[in-house]
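**Student:** Here are the chains, one letter per residue:
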Amino acid sequence: MAHEHEHKLAIFRGTLKFKSNIHKIWGVFVILSIVTIIEVVLGIIRPAFLLENDFLALKLLNWIFILLTIFKAYYITWDFMHIRDEVTAMRRAVVWTGVFLIAYLVTLLLIEGDYIYEVFNNGYIKFNF
Amino acid sequence: MEATVVQTGTEGKTWGGGDSPLKASYGKLMMWFFIVSDSLTFSGFLAAYGLSRFKFADIWPIPDEVFTHFPFLHGVEAPMYYVAFMTFVLIFSSVTMVLAVDAGSKMQKGKVTFYLFLTIIGGFVFLSSQAWEWATFIKGDYGAVETKGGEIIQFLDKDGSRVALDDFAALATTPRTEHTKENGIWYKKEAEFYPEVSLDQVKAGFLANDNLLIRIQQKDENGNHIVLSRAESISKLEKDGQLIVKGANLRHNEYGHPLFADFFFFITGFHGFHVSIGVLLNCIIFFNVLIGTYERRGSYEMVEKVGLYWHFVDLVWVFVFTFFYLV
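From first to last, the protein sequence lines stand for chains A and B.
Here the working numbering is used: position 95 in the first sequence is 95, and no number is missing along the way.
Here the working numbering is used: position 2 in the second sequence is 2, and no number is missing along the way.
Chain A on its own, in the form it takes in the complex (with noise of 0.2 Å):
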């Protein structure tokens, strides 16, 4: 009864193509070290033109980190919990209840913190809360 599960094994929106499951596993590995690896290098040199600039209130270095963590976290739920070879309500199921929930919390959270800041700085409280 082993049944063989149809594996996707196109990544890159199917620019890259491997030609089985292991090659598409290492193709991954390889992917997400080359993304550790700058995000170490960045976080040890830091580089002051993207520690000054900021975009939306956070430092570009910032959103850099951000946003490679987002796409390591995207391949290793596509590709090594295999839910790109899920059918698509599942997928949907599992991420937008994840993603929107998180968003959501995170935004709320961060805004408010924001505020405490605001009112450690401007209000009465000279340090401890």
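For the record, the hints were derived by calculation from the structure and aren't laboratory data.
Hints should not be assumed to be uniformly reliable.
One side only, chain B facing chain A, incomplete, derived with CB under 8 Å [stated by the list, open to error]: (1) Val36; (2) Gly50; (3) Lys55; (4) Ala57; (5) Thr87; (6) Ile91; (7) Ala135; (8) Asn224; (9) Ile226; (10) Ser229; (11) Leu281; (12) Leu308; (13) Asp314; (14) Phe319; (15) Tyr325.
No residue lacks a Cβ here, since even glycine has one placed at the ideal position from N, Cα and C.
Using the hints, position chain B against chain A.
**Tutor:** This is chain B only, laid out in the frame that chain A set:
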């Protein structure tokens, strides 16, 4: 036979039962169900960490200055390398896990055994690395003084590099004796820190060394901690200094705000707990593979389900890595 079977007339229709629209087994669906809810738990922790960090945006410790150690390299500043190594260990153990799942779907018992074994080794390496990381963080390195207001002040020489308390404290002035219950008026023991030097020795040593300065938690516009002038440093230490702090625990943290240590211990600890559970599950299915349970069952789906959990642990680490060490 046919006479006993009740025909409902709905066979093959959507609501006729026996249909699995998601094309996944019960166990696999439940594992995904668990993963979604557990990812919300972790998001809650990380978002709370984000709130505290935004709250203390200009006094938060700089991770590059906190995690600078690498095993067997004493006194070498090596930020990031160790945690990068840990990340690679976990990603690689994810790769061996997915290779085991792939071998399982082809019913190759030998390969499943081999790759699962590598995955378990990877899990143990990661857990030991984390234990070392914790031990280093708890032990601390330079030591600092906590002020009456709960701020942390650290000591620098005139080149701007950190100086350990033991190196400049005037040890000859008064010997440090441990306070015990028997010697007290009330049942009060020594504070939780029992440092080798006392605050008076640090104060005396600081006054005697003209090239020492104090660095406070507040940051300038470039994101570096502000260094006080000599005169300001002396008055800060004399006026506000209250407690010697070495290393980190849940209440005091020589690297900066105690919340940094609290969240570090709680989130990496909770993640490490997940890794331990993952290693345990991997061990159980490893022995089941060895004794041929899944071979007899005719399916290695259990390896796939545990694999999902193991990849999830890797997924969480990717975020912990970013938010504790990079951002």
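**Student:** Enumerate the violated hints, using their earlier numbering and listing them in ascending order.
**Tutor:** Numbers 7, 8, 9, 10 and 11 - these are the hints that the structure violates, sorted from lowest upward.
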